[in-house]
Amino acid sequence: MGAWLVHHGLMAHDGKTLQIQGHQGRALGKEGTVDVTVTIRDNEPENVTISGQAVILFHAEWAITF
Numbered sequence: 001m002g003a004w005l006v007h008h009g010l011m012a013h014d015g016k017t018l019q020i021q022g023h024q025g026r027a028l029g030k031e032g033t034v035d036v037t038v039t040i041r042d043n044e045p046e047n048v049t050i051s052g053q054a055v056i057l058f059h060a061e062w063a064i065t066f
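Quick note, the sequence shown lines up with residues 1 to 66 if you use our numbering.
Since the hints were made in silico from the structure, they are not lab data.
There is no bait here: all hints are sound.
If you anchor each label on the Cβ, the simulated ranges turn out as follows:
| no. | residue 1 | residue 2 | range |
| --- | --- | --- | --- |
| 1 | A12 | E61 | 37 to 43 Å |
| 2 | D42 | M1 | 19 to 25 Å |
| 3 | I64 | Q19 | 28 to 34 Å |
| 4 | G22 | E46 | 19 to 25 Å |
| 5 | H23 | E44 | 22 to 28 Å |
| 6 | G15 | I64 | 35 to 41 Å |
| 7 | E61 | H7 | 27 to 33 Å |
| 8 | A54 | L10 | 20 to 26 Å |
Computed from a prediction, not measured in an experiment: that's the story for all the values here.
Think of the CB as a built atom: it goes at the ideal place given N, C-alpha and C, for glycine as much as any other residue.
Generate coordinates for the entire structure from the input sequences, incorporating the hints supplied.
Next comes the structure, spelled out in structure tokens:
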């Protein structure tokens, strides 16, 4: 979402980085926080880093056959 916000010019930033914080899981009683940092070059997202604290609600494995 951070890259999308930068790409579409929907959030102000300093031209180098956008930092946002999201909160999730409150309705399930499993609150978590996610920190998103988007590195910007030429007014476009270049790199996205996601970190924070969360609670694992489930684990899944995906198999993709080509």
